[in-house]
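Student: First to last, the sequence lines map onto chains H and Z. 1 is the number of the first residue of the first sequence in the numbering used here; add one for each residue after it. 425 is the number of the first residue of the second sequence in the numbering used here; add one for each residue after it.
It cannot be assumed that every hint is accurate.
As the list claims (entries may be wrong) - The list that follows gives simulated cross-link-like pairs (lysine-lysine, BS3-like), each with its CA atoms no further than 25 angstroms apart:
#	chain 1	residue 1	chain 2	residue 2
1	H	Lys250	H	Lys317
2	Z	Lys674	H	Lys250
3	H	Lys250	Z	Lys827
4	Z	Lys782	Z	Lys827
No lab work stands behind these hints, which were simulated from the structure alone.
Number of protein chains: 2
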Amino acid sequence: MNEAVMNPKTSAADIDAVRIDGERLWNSLMELAQIGATPKGGVCRLTLTDLDKQGRDLVLQWARDAGMTVTIDKIGNAFMRRAGRNNALPPIVTGSHIDTQPTGGKFDGNYGVLAGIEVVRTLNDHGIETEAPIEVAFWTNEEGSRFVPVMMGSGVFAKAFTLEHAYAAKDTAGKSVKEELERIGYIGTEEPGQHPIGAYFETHIEQGPVLEDNDVTIGVVQGVLGIRWFDCTVTGMEAHAGPTPMALRKDALQVATHLMQEVVAAALRHKPHGRGTVGMVQVFPNSRNVIPGRVQFSIDLRNATDALVDTMADEVKAFAAKLSQESGLPIEIKQVSGYPAQAFHPDCVDAVGRAAAKLGYSNMPAVSGAGHDAVYMAQLAPAGMIFIPCKDGISHNEIEDAKPEHITAGCNVLLHAMLERAGT
Amino acid sequence: MNEAVMNPKTSAADIDAVRIDGERLWNSLMELAQIGATPKGGVCRLTLTDLDKQGRDLVLQWARDAGMTVTIDKIGNAFMRRAGRNNALPPIVTGSHIDTQPTGGKFDGNYGVLAGIEVVRTLNDHGIETEAPIEVAFWTNEEGSRFVPVMMGSGVFAKAFTLEHAYAAKDTAGKSVKEELERIGYIGTEEPGQHPIGAYFETHIEQGPVLEDNDVTIGVVQGVLGIRWFDCTVTGMEAHAGPTPMALRKDALQVATHLMQEVVAAALRHKPHGRGTVGMVQVFPNSRNVIPGRVQFSIDLRNATDALVDTMADEVKAFAAKLSQESGLPIEIKQVSGYPAQAFHPDCVDAVGRAAAKLGYSNMPAVSGAGHDAVYMAQLAPAGMIFIPCKDGISHNEIEDAKPEHITAGCNVLLHAMLERAGT
Numbered sequence: 001m002n003e004a005v006m007n008p009k010t011s012a013a014d015i016d017a018v019r020i021d022g023e024r025l026w027n028s029l030m031e032l033a034q035i036g037a038t039p040k041g042g043v044c045r046l047t048l049t050d051l052d053k054q055g056r057d058l059v060l061q062w063a064r065d066a067g068m069t070v071t072i073d074k075i076g077n078a079f080m081r082r083a084g085r086n087n088a089l090p091p092i093v094t095g096s097h098i099d100t101q102p103t104g105g106k107f108d109g110n111y112g113v114l115a116g117i118e119v120v121r122t123l124n125d126h127g128i129e130t131e132a133p134i135e136v137a138f139w140t141n142e143e144g145s146r147f148v149p150v151m152m153g154s155g156v157f158a159k160a161f162t163l164e165h166a167y168a169a170k171d172t173a174g175k176s177v178k179e180e181l182e183r184i185g186y187i188g189t190e191e192p193g194q195h196p197i198g199a200y201f202e203t204h205i206e207q208g209p210v211l212e213d214n215d216v217t218i219g220v221v222q223g224v225l226g227i228r229w230f231d232c233t234v235t236g237m238e239a240h241a242g243p244t245p246m247a248l249r250k251d252a253l254q255v256a257t258h259l260m261q262e263v264v265a266a267a268l269r270h271k272p273h274g275r276g277t278v279g280m281v282q283v284f285p286n287s288r289n290v291i292p293g294r295v296q297f298s299i300d301l302r303n304a305t306d307a308l309v310d311t312m313a314d315e316v317k318a319f320a321a322k323l324s325q326e327s328g329l330p331i332e333i334k335q336v337s338g339y340p341a342q343a344f345h346p347d348c349v350d351a352v353g354r355a356a357a358k359l360g361y362s363n364m365p366a367v368s369g370a371g372h373d374a375v376y377m378a379q380l381a382p383a384g385m386i387f388i389p390c391k392d393g394i395s396h397n398e399i400e401d402a403k404p405e406h407i408t409a410g411c412n413v414l415l416h417a418m419l420e421r422a423g424t
Numbered sequence: 425m426n427e428a429v430m431n432p433k434t435s436a437a438d439i440d441a442v443r444i445d446g447e448r449l450w451n452s453l454m455e456l457a458q459i460g461a462t463p464k465g466g467v468c469r470l471t472l473t474d475l476d477k478q479g480r481d482l483v484l485q486w487a488r489d490a491g492m493t494v495t496i497d498k499i500g501n502a503f504m505r506r507a508g509r510n511n512a513l514p515p516i517v518t519g520s521h522i523d524t525q526p527t528g529g530k531f532d533g534n535y536g537v538l539a540g541i542e543v544v545r546t547l548n549d550h551g552i553e554t555e556a557p558i559e560v561a562f563w564t565n566e567e568g569s570r571f572v573p574v575m576m577g578s579g580v581f582a583k584a585f586t587l588e589h590a591y592a593a594k595d596t597a598g599k600s601v602k603e604e605l606e607r608i609g610y611i612g613t614e615e616p617g618q619h620p621i622g623a624y625f626e627t628h629i630e631q632g633p634v635l636e637d638n639d640v641t642i643g644v645v646q647g648v649l650g651i652r653w654f655d656c657t658v659t660g661m662e663a664h665a666g667p668t669p670m671a672l673r674k675d676a677l678q679v680a681t682h683l684m685q686e687v688v689a690a691a692l693r694h695k696p697h698g699r700g701t702v703g704m705v706q707v708f709p710n711s712r713n714v715i716p717g718r719v720q721f722s723i724d725l726r727n728a729t730d731a732l733v734d735t736m737a738d739e740v741k742a743f744a745a746k747l748s749q750e751s752g753l754p755i756e757i758k759q760v761s762g763y764p765a766q767a768f769h770p771d772c773v774d775a776v777g778r779a780a781a782k783l784g785y786s787n788m789p790a791v792s793g794a795g796h797d798a799v800y801m802a803q804l805a806p807a808g809m810i811f812i813p814c815k816d817g818i819s820h821n822e823i824e825d826a827k828p829e830h831i832t833a834g835c836n837v838l839l840h841a842m843l844e845r846a847g848t
């Protein structure tokens, strides 16, 4: 802790007037995005690669430059700490991840981590001391594109699965998480989950189109949708398209199309947060002049509560049973995975809402349709998220983009929500 | 010609009573099926391979044993001739092909060729002399699985494309039709198409389920359905399944399902021969939690006349235009190929019907949904086809099967239809 920048005499009104340095934050984002930069303007910095090590080193250097202390745990999660007045209090934590998809963008994850660093830099600039310590975390392997499961670091931290399970995960080249952590020097000594957390905030691009569509700056995230994933197989009878009259066909694809439509219909019956997607389809034998004998496809159902997701799933299954009976074709629906819905803590949600209102940013309640490290943190402590718009709702793509004013706004909301929770 | 077996004194009544030797035909089918036999009971004898050469050699040996003379043309088509009383008349020809699919069966094609051999053996047994000569042909590369185009030998013969075009076709190993014909010694000297044809009959398993479903022995084939093949692309917007609410989606697959259903609906509106098939589907990016941004699929439309196929195509296109307007998603439909409908000659169709009736076999009018060498022959001379049931309508499969009594029946119909046309 750099005592020189501390100034306990800042008043409450002064604190309300504090704003982060948007240009500094933007510049840090652009500098980090150089590591693994792709020709199309994106970033490829897969978890636990040399590039990930470079990224981690840079972020930790910035943290140390801001007077923070660093702890690494056994799964490589990093905690950068700015002491408070009362260091017996659990820290108010913010964070996200800095690993990217193979053709990822500059903002997903990285924004949440660097917004935390910018909050600390701003506190330092204004000599603001907080009651509880402030911490900024980055979690290992949120993306899951090199190693599964996704949200690995926060998942181990929240004991969703064991450290051993995570260590054993291998990439397609056969390298394990443990050996790669050791290789890049990011296998720490702290037991994951030992770290106390007073509250957790995560700032993130929305990765969806709602804020942009509503021309709103801040999404006050209420929670994360529950998800059920199913594999569905319709079995018909492969036959030649020419010699087989319509009445004697068992066309698996035609039957499947009705069920694919029902997936969307079920979502539309359970507004506003119901979502139904068929993203993956395989037709067998997939030949122009052969009637499909088998069709496999994925079903992705989401909604704001587990009960609603269950209702949607029940409706889709009932439709499938009826369709199977009518068509005479067997239909199998098998759940392959599921994630419970996770409401964020009212205190944190309200802190985000209050900060946005105080700062004069247009804001609206939002839900997260995708998983985030904050979901695991919400199992351990009060948690909340701040969304900002991203261009066309696109992420996991090199063209992912966000406006500097939104980047700044989200970080200002983070600053004031954290200050409310940490106390000044 | 073996003069010893000729007996010009056979009466018309005697001739009506003549039947082929079903066991001999069956045994020949089983013997030929040994060449390239697969463990699952099928045959893999791809065109112009060593196995094809062995098959060709065996069939020609049988022809010579039956006193026939052999001509090979430049594309490897073989014509096995039994002289008539008036050899100035164009021959009455039957035939098919002996090449198979990679996982083909014992009957597709082979039956049509060996039924012709059995007709000649039967004429010999009974000392029957015909007015016009009788010929049995096998056509090179009907299947098209090693070299495209399909129906290559009959296509060159009918001048649907040139000999040079066929010669230049290469397999995946880079070997050309011409070098493979030379290598196996089946590049003849006769100009393809020089051979006169008085009439053409082809006996074939139905490759569809209609005869079996109606419990009928003989299909009197009226013609071959016209075909149009299209490639269709629906373009939406790829987006994450989680964060994207239903109202803001441009789900290419959901739009595509409606058009896939219209393909079937168009066929059902144009009974009894309308057929509509979507056999091939590709979804992009085909990921479980990504809303499909693009879907490509094939459309196969068939009907008994070209006008009906055109009407179906127009209806599907109009539906697509409306769907595109309603959904706001571009839909492109592009014709990739088409084959005109081909009606068989009434004289040949009637000859088949009369023979089936005379022999007391249950029979019904049939259409061929698939292409056959007979389609090209129908462009050159009166032509007709005889269908027999195959098990579950399955062909192009190692489990392809046909009953010996149907094999026998079809060959008896061929015998009497050919005798009617050749004159005795």
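Student: Please go over all the hints and tell whether each is borne out by the structure.
Tutor: For each hint, the structure was consulted:
no.: 1; hint: H:Lys250 - H:Lys317; verdict: holds, 20 angstroms
no.: 2; hint: Z:Lys674 - H:Lys250; verdict: violated, 30 angstroms
no.: 3; hint: H:Lys250 - Z:Lys827; verdict: holds, 24 angstroms
no.: 4; hint: Z:Lys782 - Z:Lys827; verdict: holds, 21 angstroms
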